[in-house]
Amino acid sequence: MPGAARRGGWVVAGLGTAAVLLAAAPLFLSSYPLTLLTQALIYAIFAMSLDILLGYTGLPSLGHAAYFGVGAYAVAILATEFRAGFWTCLVAAVAAAILAGALFGPLAIRAVGTYFLMITLALGMLVWGLAFRWVSVTKGDNGISGLERPTLGPWSFADPTAFYFLSLVTFVVSAACLVVVVRSPFGMSLMGIRESEARMRSLGYNVWLHKYLAFMLAAAFAGVAGFLWAYYNGFVSPVEVQLVTSVEALLMVALGGSGTLVGPALGAGLIVFLKNFVSVYTKRWLLILGGVYICVILFAPGGIIGALKRRPR
Amino acid sequence: MRRTLGIVALVVAGLLFLPSTPAWAQKGPIKVGMLVPQTGPLAANGKDMINALELFFEEQKYRLAGRDIKLIIEDDEGKPATGLTKARGLVEGQGVHLITGPLSAAVGYAVAPYIDSKKVPALYPIVSGEDITQRKRSPYIVRVGWSSGQPSHPFGKWVYDNLKYRKIAMIGYDFAFGWEVAAGFHRTFEEAGGQVVQKLWPPLGTADFGPYLAQLRRDVDAIYAVFSGADALRFAKQFAEAGLKERLPLIGGGTFTDEHVLRSMGDEALGIVTALHYSAVVGTPANRKFAQAYEAKYKQAPSYYAEGTYVAGVALKAALEATGGDIESVDKFLAALRRVDLSDAPRGPMRFDDYGNPVQNIYVRKVEKVGGRLQNTVIHTFPNISQFWTYKAEDFLKNPVYSRDYPPCKSC
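Protein chains in written order, with this note's numbering: chain A, 1 to 313; chain B, 1001 to 1412.
Just so you know, the hints here were simulated from the structure itself, not pulled from any lab data.
Since this is a predicted model, take the numbers as computed values, not measurements.
A virtual CB, placed ideally from N, CA and C, is assigned to each residue, including glycine.
Be aware that one or more of the hints could be misleading.
[Claimed, not checked] Some, not all, of what chain A presents toward chain B, calculated at C-beta under 10 Å:
no., residue
1, 87
2, 112
3, 139
4, 276
5, 279
[Unchecked claim] Here are the simulated SDA-like cross-link-like pairs (lysine to any residue), alpha carbons at most 25 Å apart as the crow flies:
no., chain 1, residue 1, chain 2, residue 2
6, B, 1118, A, 159
7, B, 1392, B, 1325
8, B, 1199, A, 129
9, B, 1061, A, 282
10, B, 1398, A, 146
11, B, 1299, B, 1283
12, B, 1136, A, 159
13, B, 1119, A, 195
14, B, 1119, A, 156
15, B, 1136, A, 149
16, B, 1369, B, 1314
17, B, 1136, A, 82
18, B, 1199, A, 34
19, B, 1070, A, 278
20, B, 1199, A, 284
21, B, 1398, A, 135
22, A, 275, B, 1044
23, B, 1119, A, 146
24, B, 1410, A, 294
25, B, 1119, A, 34
26, B, 1118, A, 162
27, B, 1047, A, 281
28, A, 275, B, 1072
29, A, 275, B, 1047
30, B, 1118, A, 273
31, B, 1118, A, 25
32, B, 1136, A, 78
33, B, 1118, A, 146
34, B, 1398, A, 82
35, B, 1118, B, 1325
36, B, 1070, A, 284
37, B, 1047, A, 244
38, B, 1297, A, 122
Here chain A stands alone, though its shape is the one from the complex:
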């Protein structure tokens, strides 16, 4: 199959160029665009984690911000109240997100389609309610502020460039893990479930367990993104767990192309870009964003990556 090999070559070349560009970005970007690129990387991890559910398992979650937020709050509380360090916070953020996923998963994955959407929405609002009302722990509406960037051994991530590299490394590691997962037999079974749950069940697969594991996996990486997000902003507030954050992540996945991992990362970058650069020139940027979505849905239902894949080679 020479065609496939050539295509594989292009993929490697493309990813390689992207990696070089991203690694070299601090050399030619001033601090503000660099912080935005950092933000795009964090959102990319978040969107890719959602893609495991939406794109690979066929479970459209409207409450994914819950795990992102739980991770972020875990970091904020540990770092401000207990002066916890980098690794403690990372482990705690991921553990808290997995725990939330483990608790919510059984409730959510009983349903499919719209019902899954609604249950995850409700569970997401539950976490938001906790963040908003449990004032003694979360500081309520004002949020937790005064979070300092972490240090790791000899490195301090206070500097925007250092923090950018931390985010980049985390992004690359997360992306690699997720790629390994989706290419594994487990990932294949997830796609099988997406295509036909009944057939997978009749083939003897434990569909429930697969879904449950996928749910916790997605929650874990959302927690990783939340971990970075808390340090990136230096504060956490209930807005992080609001419905809009979940919706934004869904849109990133849909825009880039679900079930591709590269697509959601690209979608995240595009949305951060639109939000922060287009809004400088017009306050009607939401209109432009809306227009882009309508075009994607009408002309490229598979997202940007989906549209590219469909082209004849």
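Got chain A; can you put chain B on it based on the hints?
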């Protein structure tokens, strides 16, 4: 896949060719960055803020102390993370010399550490979160608005002495703003000898106050309410519809009947007594001029959001004139800003305390109908009120910040 690559390259290249202006461009125009919600539920109040600052700069022909003013407005959506990103854009992307705004306290708290780290002077016209100028104060943030408890402190004592109420039930927003405004009143009202016997906290955006109205105690002398915007509108209306208006007097925090909501209220608002540092009908010459100009341009009475942001402009002008237009020497500019003593702000005389909060008049206002229109008639003026009222600042700051549980409700 080649196209994927192309898109990645395009995005990165797009980031590459951004206009990045050096922040230290000497003696060009003074760039004022404004953070304000232009979308979301707070957009209408954000519009008042923009209107007022634009009015001020137009009156000054966009020139202060001999230098041109460039106003850059960014939408913070009322969300902390967005506000912080936009603040970064203003400071690092656009190189602004000063930030003014935001509106929401959560955004205010979120951008404060960033403002500190970048040493950018900031004027907060609206955010009233107590700790902004108290326990978490910053050398770079000067507030031209108010602290939540500032109008409530004198009002609590005044209500006890003059309206002779002895027992009060409270109802207000269930987040920091509601707690803080109510707590200031609670504290001084009880210290004067009164009793707060109930505190109810409906969430933001409550559509039906029925269950809360049913719970409200009837054996009290008055109800104290803290709401704003659409919630204030709905609460006043449903309170009247429940037949409570004839039985119990309504008093409350200033935003409850502020002009931004009074415009849409009906006769159900008549007689409500509140306290704030402004009313659109304050009788100072500066206010007559301001309110007239504002009304001529925007066809409505100015709200406290408008006046607060206008005063941010007035204070900026005074500080710039004191430094001869030098805003680049940040420490010098901040010192001049903190020394600003305004005799001609629309709200009346105003100066800053050592913590960066205004010392100003507090007005007790009563909603009346004059010429067919509702207004906040001033019925009493407290001059020179600081955020600490009559307490010593050190003692005041030793207490925890006002919250749902502080001061504790002894008679609930």
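Kindly indicate which numbered hints from before are broken by the structure, ordering the numbers from low to high.
-> Structure breaks hints 1, 2, 7, 13, 16, 18, 20, 24, 38.
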